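Protein sequence lines, in the order shown, are assigned to chains B and L. Take the first sequence: its position 886, counted from the start at 1, is 886 in the UniProt record's numbering, and no numbers get skipped. Take the second sequence: its position 36, counted from the start at 1, is 36 in the UniProt record's numbering, and no numbers get skipped.
Hints in this document: simulated from the structure, not taken from any laboratory. Treat the numbers as computed from the prediction; the structure is a model and nothing was measured. Beta carbons are placed, not taken as given, at the ideal position from N, Cα and C, and that holds for glycine. Take these hints with a grain of salt, some might be off.
Derived Cβ-Cβ restraints for the label pairs, each shown as a range [unchecked claim]:
hint	chain 1	residue 1	chain 2	residue 2	range
1	L	His39	B	Glu702	30 to 38 Å
2	L	Gln45	B	Thr293	24 to 32 Å
3	B	Val1100	L	Ser122	28 to 36 Å
Partial chain B-side listing against chain L, Cβ under 8 Å, derived [said to hold, decoys possible]:
hint	residue
4	Phe610
5	Leu622
6	Gly705
7	Leu706
8	Asp709
9	Arg1147
10	Asn1159
Sample of chain L residues at the chain B side, in silico, Cβ under 10 Å [said to hold, decoys possible]:
hint	residue
11	Pro33
12	Ser35
13	Trp46
14	Trp47
15	Glu75
16	Pro76
17	Asn164
18	Pro168
19	Arg171
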Amino acid sequence: MSSFKDWALQYVLADDETAQSEIAKKAAKEIENTRASSASVGSWAASIQPWITITKQDDDQSDDDDDDSGSGDIIARAKALGFLADTLEALDKSLLRPEQVIRLVGFFGAMFSYDHKAGITASAKALRQLHAMKGFKPAVGVKMIEDVCKLKEDFKLQTAATRFEIYELFLSLIQDQSVNNELQDKYGTSSGFIVEILQLCQNERDPRNLMLWFKLLPIFLTEYSTSDEVTEEIFKAFSAYFPITLRNSATPIGITADDLKNAVRACFASHYKVAKLAFPFLIGKLDQGDAVTVSVKLDILKTIKACIDQYDNTQTSIVPHINKIWNSLKYEVRNGEVKETIDATLDVLRAIANRLDGTSTQKFDVSLLKNYIDTVVDDCRDDLANPTYTKQAGLLLMTVITTNIRAYTLESTAFVDIIRKNLRLPKSPSHTKDLLLLLNSTLKSRADLFKNRKQGHPEDEEAFKTEPSDHLVALYHDVYLPIWTGKSEATTPEVLKQVVQGLASLATQQTLRPDGQISLLVSRSVCSEICSLLTHTLTKGLALSQNDNSTDSAVEDEAVLALQAVVAAYTDGYAELVERAKAEIEKRDWTSPTKYTLNALRDILSRLAFIGCSRIPLNVALDGESPKTFKPLQHFLKLATTLHDLFPLSPLPTSEKESLANSYIISALHGGILHFRDACFEKFEPKVLEAYSGSDRNWLEEFKGLSKDWSHQLQREDGSSEVIIKEDDPEVYREFLRICLFIVRHLYREAAYGKQAPWSERVFAQAANLAALVVRSLDENLQKSCNLAQNAFNFFSPENLSPSGPSSIAPFRKLLILGILQGLRPAAMAELYAPQGIAETFMCDTSRMATVLLAVGEIRGTICAVLANKYKGGQSTFDPESETMKRVLSFWGEQIKTATTTDDTDPAIFEVYNTVAMHTLAGACARQDKNVLALVPILHEAIASPGPNGAIVARTIGGLVKTNELLSPENHAVVKRFYKQWAYTHFAKPLYDLALPTGDEDTAFAAGRYTTAILSLVSNCPFEVYQEDLGHLVRLLITALNNSSASGDITQPQVATSLEVLVEILANEPEALKGHLKAIITAGMKTYEEAAKNTSKGNVARALASVRKLTLQLLGAIPKKFDERHLLAYALPMQRTLAKASGDKSREARKVALLARENWAKVV
Amino acid sequence: MAKSDLDNANPTVLSVSQLPSRNLAKGHVRKGPDSKYDHILFPKQWWAGSSLNTDPSVWTSDEDEDDDLTLATEEPIDEQEIYGENYDPSSCTYLLSTISDPEHPVTLGQIAVVRLDDIHLSPSPAERLDPNTLTNVEVDLTPTVNHCSLATVIGLAVRVRLENALPPNYRIVVRMKDGSHAQDDQVNKQLGDKERVAAALENDTLKGIIEKMLETCV
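Just chain L, with the same shape it has in the complex (with noise of 0.2 Å):
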């Protein structure tokens, strides 16, 4: 897309690591110079060959957890795994954040069009007990400029990656949040017709763009 052609040509970026995670909520790990032998001064096996579980109770902190345990522990699908899990990208899935700017070499969550406190499920992860229960998933998009062109695209780009994503039982609402576009009501009734959604997948340049901009989520 030709410089010109850009809406907002200096939106304000964020870097990775100021991003919402789950990770950096967690207490801190240790990383100063004295931690270089961590691994052989704190180990998770505590003598070289014991292959027995040694009593898992001891380790009450989050980052002695040890693989198995993180494995088993039930945890339902909440906004931030959505949003997209920490940055550390060998051991995380990211839903939205990582989705591509359309004419910026950003991501969606460094321009903080996608926002973790405007993702809403209902009933929430706490009172949903049954992983089978119908869950309704509404994500609230904020343009980085009033007029953006783009934010139908970028709604769609959204929504796609959603129903690749997220189980059977999950409704899908991607909308404009109140007032951040000049003509939020037709992007949205537009995002939220389905007929008009199949439409416009079935267009190819369309569908070009928004596999481009899901290229960068993993």
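Chain B with its partners taken away, still in its complex shape (with noise of 0.2 Å):
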């Protein structure tokens, strides 16, 4: 038993807190292997008792002499019934018998009387682990809250840790539902203990220790009956520290200041009980005026609505202070400034009026509610006629009045009526924009009602069946209608904004029927003539000249929004809306057309896609009509149709400019698949769309049944042969692509086999890049089986394909092919690289080539582009022996030696031949084709060859690894990461030696032209590509760059060019510059003068113009990136050339110069 002293004593001497636990652990072990016999407990107690007995001494002597002088005992002593506490904790709860719980809550409990320096907190904890054990009495809590009250006055004297200990031991002790009913038999009402700890804890100021007091404050309310002397005592408590605030601390204690206010506010809103007490006190807190900072104000508001939220029994804690309460809460918003405090006295409105409405489960008497609102209304009527304080008297009334169904059935009407009449003598603009918007804000918080109206009380839903409706119904005749067409020089686009935007609420209204059905609130006609009055808004453009369409585009863009509300609610209005839009572009003429008119069909085509196509219809009765069979696709179908009857509105344009009106027509189109697409996704998730977006059926077979008009037919139709889609099933996305690839089907055949006049390069290049858009969004099992890759050649018209191949279509109407081929997936078009399939014969095709244009070259050779790149040969594919490409890129690596080598083609058309060969190559460089490794020598020998093919060559051989739209994942192109690297180190790096002058005549040519090889591939590579040739490469550029300017042609390509590297270098690495700084400055200067001097027209100067910009560009950046002192000896010469070009012709380049100037300015 001796061991027991013997651990005391090491734990006493102990230093660290482990080895003091493992210590107390082997005493609880020890204890627990005797069964806790008397004896072991016994001698366990006594083995502090040396420490002890000195204690009493000391004490007294401390107390005579008021000196510290035992200090170190005091620790140890302190120590020595840690041990017993920290052994408590360690041991099994359910050892100790409840005589041997009282002797030690007897011993510890003395300790409050006796030793208030050391056996506080040790106390403190062995009582808690006390209170913890099986043979724990409820009268012995009483008697250990006794016991510590017992420490009055010294509570205060001990550290924030003890007090810590002791909040601890109360709440474990409060919460302890036998203790409670022990304290209650004891104490009754006038709950003495509660006194006594109140009095103990007064003045608590450790934000950690008052996190616990809040927390305990707040069980005396609700789990103990109390009298209200008591009640009154706890409130003081708790209310004294109101408002709290933390100072901040250097070292955080990991508790903010919002943990403390909403401590102290769980206080206030425990029990209602406090209300009396409460309410005045906040207010009184409130009323104290500017005193009142903002953040105060907002906790006290907060605190308030925490209150009315939670206090039980509304009739007496909550309704006898509403009035007291609004009295003072209405000039915070009357009056107030701060949109904070302003949303938080809302709030508290706002709780007011559902707390006297009743729960979800129970209504209480609609007078509650009634009377509240009257005050409010009595109170804030008078306001609306003051412009001053119409929007802050509206928000009061607007808040209570749609805080809940009920409020809103009773009062709507009223407030309305008020708002109407202000409206009909308004005493300015502004006066009427504050009350139309209180009106559609109404309208709004309605609509948000109606939405919600299944969360409530099951009367709540009823309440709408029966609910007053005229008042709103009549808005439109009796406010909206005459503001909008009394429209005078007053009336500023912010009310018609306003009114715009009202008219659509009115018409979005949904309404309960007696049978429960949902319908428009408004009736047919009123939709209508709303639909018709902002549709006026759209057409006017159209109608009217330039000088005489005042209308703010504001309020157009406003009415584009409205309109795109409305006819989501009300379906019928789209079709309205469009033919409207129809007859008035019918109207007029378009064979040549104003800018003006043509911006304005681009606007009115445009917008009539966004408002019937962004957004899916909804399935929405009208008023006092049967329900309607719905189709979700109708608005889509409606555009469709009408846009192909428009189609096309210049029937024989004969320049691009006149296309324009057929362009947008298809742009339209276009816009409306895209607004479709995004309102589908909106909807649902992109993953059950991505399921959605293919068929195992094969549509284009399908189409065949059907007759051309087919779209019009499901339009028209009322959806009897169709299986009726409603607006949430996904399948509304199968169904929009199934007739989306109707459409493009249509589309092409016009272009390709219809009238060709209307088709001009940019019609056939917007309907491309719709179909692209189609094919894009079809999977690969619908991109198959609808065989689409074959389509693209036939331009879905097998039976038309003529017999000469595709090389016959029409130059432009190539795109349409492009349109198809981008969109799709490789493994769609695997068919089409069957050895001399489509795909080989197309791209080797060179039949009419001489006699095409450039342009015409350029969309062949993005089509090769595209084939090349989305080739795939090898076992399983239709190009087992992966010959096809490297037949096709073999045939133009022969073409271009062949021109190369001998004289027999002519420049201009090998500048055809040679923009398709390029394109096919890029398209197999971006897929790193080892194919087109064979090709390199051909290249390299063509670039040096001596004929102006070679030239062509040199300069166009960038276009190999030129960044191009197609060649992206989105186009579903097979682009490797590093390929650009890869081409260059193929193409560009041996050309370096060979590029350097050598003095030689016959090299120096052919290292002319590498160099212009080389620049022309660096200029379409990121600078990582070429980072590491930089040393030669620089030499390079400087040399093109002293070259031209030395021969006065700087308008080479190759010029711009080096200047465009060149400061790409300077931004990545400028070190790389730093040795060559005289050279790069000098040429630069020189070229800037050269091209300055240059008074040529057209593309010439616009290739002069852009020479200067990229010139000063460079020398302007250089001042940035090195150290004056490489600067200062050209400092002078500098600033005098940029001053001269801070005139330049071009504004674009004298922006620039000014920039260059000031740094330049810098260096002195």
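Reconstruct the complex from the two isolated chains, following the hints.
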């Protein structure tokens, strides 16, 4: 048994906590081993005897002398007691018998009377452990509390950590139901123990302890029935802290001011019996006027709201205080300026209305709510006529009235009536605007209430069936229409915008019919009138001339949004709108329109597409009509068919400009598809849509059985023959894609085999872009099952495929092929690559090429690029030997070789050949096709060949690595990550050595060509690709600049290219230029002067301007990258040149010059 | 500067969008809710991958002009350019309107000290065919109050800015507008005297103030 004494000694001597807890565990184990025999517990308790005995003397002494001489012993004593507490913590909680617990409680409890210096922390901790023991009896709990309270005044003197232990002890005891009962029994409602605890703990200031204290106080209120006096004492205990703040402390304690605020707030809101104290107290604080800061005000308002939300017994706790709260709070909104406090105040008012309404299960008597709202209305009514307060008063009224459905049904009629009266005699335009804003917000809130009608009491939903609605219906004729038609100078665009928003809000209001069916609130005729009013705003631009159309574009944009909302609910409106617009468009002659009319056409068409297609329509019946068959795609179909009927607006355009009207129609269709796709993506998960973007059927086969105006039929049909799709079924998306493909098919057949006149390059391009979007959206299986790859070449008309092959297609029509191919996935194109198949024939087709324009060659080339890029050969493909691409590439290799070694090919024709060849190569390059490498020597030889064709190759070889939108993952292209590095290494790197001038005439010519080729490649690569060759490259660049400025021919493309690359290098690695600064600056200044001297016009002028701008960019960036000491020598001449340059002919160049001048001005 | 030193504590301040600008005068740019896909529906490049310049004559409207075309257009320096171009910071320069006021955190354009109408070029830009013609620039300043003690400083800043930004063939005259300042004669004399201007710029305090004012010019 002496071991306890040893452990106690070790514990007292030990310094770190882990060692101490180890020792305590050993002692606990020992007690457990003896099953807590009296002997072992006794000797364990006695083990601290040596320290305790001294205590008494010490204590007496220090009391007498009032000095701290015994402090060493106090520490030891505290530790000794800690030994006991820790042992209890480690001990099995079921072990100690009740009488042992009582004895220990007696011992530790006594400490609170005798040993205020050393005993408290450990004792409190020990008591808490004892409370957790199985042998604990509730009566003992009462004794614990009484014992602890004996600390009295000395409580304050304890450290924060000690007090923390005591709070923990209190909390665990008070929360214990059995102790609770015992306390109630003993003290009754006088609750003497509470008073004692309150006295003990008053003046607490430590944040951590306060958090516990604020947890303790609500328990007194909720768990104990206290007398009024005690309740008041408790209230004083926490209200004394309000409003609470926290000083910033250097040592973070993990508690924020907000934690404290919330804790105090929870005390206020804990029980309704403090209501009669809390509300007057809080209102009193609020009414202190300017002395209250915003954050305190917010704290008060949030606390009031918490009380209102949480107090039970609405009748007695809240109702008596409502008037007082209202009278104080209304000024916060009426005269308030800070948004946060206004919002918080409105939250309180809303909370009151909600409490007075009742809960989702039980409604209170209607008079409660009605009285409250009447008070608010009485106070605010007059303010609505006063422009200064309209907004605020309206806000108050609207907030209260639209809080819940009952409040709304009770009072909305009166409220709307007041606004209406005021709108008849507005004091100013901004008064009108404010009133309209109120009206619109009320409508919006009503829509929200309607939407959430099922969330509250069942009576709420019923209320909508009998809701008075005439006052809303009348708004159109009484309010909105007169303001709109009575437009005058004073009607600002802001007012008109409000009217438009209000109209939209009104037309989309829904209501419940007595049979439970949802329908629109206003009648068909009103909806239709609203639609036509708004439509007129949009079509006006077409009908009027530029000078007569004064409608603010912001109002027009608002009308677009309004119509978008209206036609989603009132679905018949869209057809009306489209027909009106169509009639308006058809009225005009589109053969040679002005720019203004064309823009008006573009706007109206683009808006039509947005209005109808950017939302999937809702299935809402019209008031008084039986529900019709509903089709989610009806707007889209209406747009598509109408645009189809309108095309072509300009049947015989003679230029691109005259065909713009035609192109805008296709754009609108394209826009409609984009918007509807967005609407689907907004409504459904992308994953869901992915599953619905395919089908195992061949849609094109199905289309064959349909007549040409299938989409017209669909649009006209009442839905009897097709499967009815609901608006929330993702099948909508599949059906949408099907119709889109039908449209593409139809459009392609028209373009390829119909009248050719309306189709210009631009219109073809627009149709191709549309097709690309649709094809891209289809999944791989569908692309395959519809055989889209083949259809790209026969334009969805296998029967019409001309015998002479695809090359006989009219030049720009080839864009249609591109449209389909660019959207296809490589796997869906596999069939094309069979040996001698369509792809090979197309890529190697040179017939008629001698007669085509370069622009047409460019289209051909781009198609070849896509074909070459999406190629895949090898086992189990259509090209098992992987020969197709090899043949194509070697064919072009041969072509280039022949054209550059003989003089047979005219450069103008070769330019077209070369374009196609380079594009084909570029497509293969992106895929890093090894067959491309076979062309490296051929191209290198071609570049150095003496004829003009070699120059063409050198200049255009950069096309191999040129960034092309078609070669992007979005277009399902196969693009290797490092293909540019790969191409650069093979095509450009070997040329560096050859490009350096040697002085020899023969090699000088080839070197010049090689330089051009390198520049062409480098300028199309990102900096990282050529980074390691900077040494060589910079020398080449400077030589190129010097040569051209010396020869005076600075319009050569390589000048601009060199400058671009130099600017790039300067931005990324200026160090590489450091050794060449003199050369670069001299060459730059010379180049600029040469370019400034040149007075050519046209394309040359454009090239010159870009050279000037680039030179200034380069020169201007230099001072930012180098130290002044490197630049001082050039500063003066440079400043002179730049001063002259700031008078450059081109404004763009002047801007750059100005920046350059500023940079160089700093070099002194 | 302490608040009590302000000559005019409450000048009328225009918002940036109210200032005269070349772009506002041009045709409207579509920005409604339906213009979300304009870059796809009305692309500059008609079809993806086209690298050649398609017939530029189709694009007669200003807003459709592509960059190369603006670059090549010959536009002599005009009043608007001296005042300050449009307020899209990515693509413009400001000569005078964005100089900061020495006492308020606003620009000279915003408090209408510098006005577009009070900038005069002779010969006018239209008559100036050769960019090297000797050209006079006259800028009249309007102080916010007629006893403004900082009028000279503002005039000096405007002068410095113009000298640093205009080519050498421009002769610069900066004055107070007639009757806009109680001592306009004296101020004008000071601003017109090269020696006094040069001497003023030797003064470090003054130079500091002017540099601070010019910081907001980009």
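So, going through the hints one by one against the coordinates:
{"no.": "1", "hint": "L/His39 - B/Glu702: 30 to 38 Å", "in the structure": "34 Å, holds"}
{"no.": "2", "hint": "L/Gln45 - B/Thr293: 24 to 32 Å", "in the structure": "59 Å, violated"}
{"no.": "3", "hint": "B/Val1100 - L/Ser122: 28 to 36 Å", "in the structure": "32 Å, holds"}
{"no.": "4", "hint": "Phe610", "in the structure": "4 Å, holds"}
{"no.": "5", "hint": "Leu622", "in the structure": "26 Å, violated"}
{"no.": "6", "hint": "Gly705", "in the structure": "33 Å, violated"}
{"no.": "7", "hint": "Leu706", "in the structure": "28 Å, violated"}
{"no.": "8", "hint": "Asp709", "in the structure": "25 Å, violated"}
{"no.": "9", "hint": "Arg1147", "in the structure": "5 Å, holds"}
{"no.": "10", "hint": "Asn1159", "in the structure": "12 Å, violated"}
{"no.": "11", "hint": "Pro33", "in the structure": "6 Å, holds"}
{"no.": "12", "hint": "Ser35", "in the structure": "7 Å, holds"}
{"no.": "13", "hint": "Trp46", "in the structure": "4 Å, holds"}
{"no.": "14", "hint": "Trp47", "in the structure": "4 Å, holds"}
{"no.": "15", "hint": "Glu75", "in the structure": "5 Å, holds"}
{"no.": "16", "hint": "Pro76", "in the structure": "8 Å, holds"}
{"no.": "17", "hint": "Asn164", "in the structure": "7 Å, holds"}
{"no.": "18", "hint": "Pro168", "in the structure": "5 Å, holds"}
{"no.": "19", "hint": "Arg171", "in the structure": "13 Å, violated"}
Hint compliance for this structure: hints 2, 5, 6, 7, 8, 10 and 19 are broken, all remaining hints hold.
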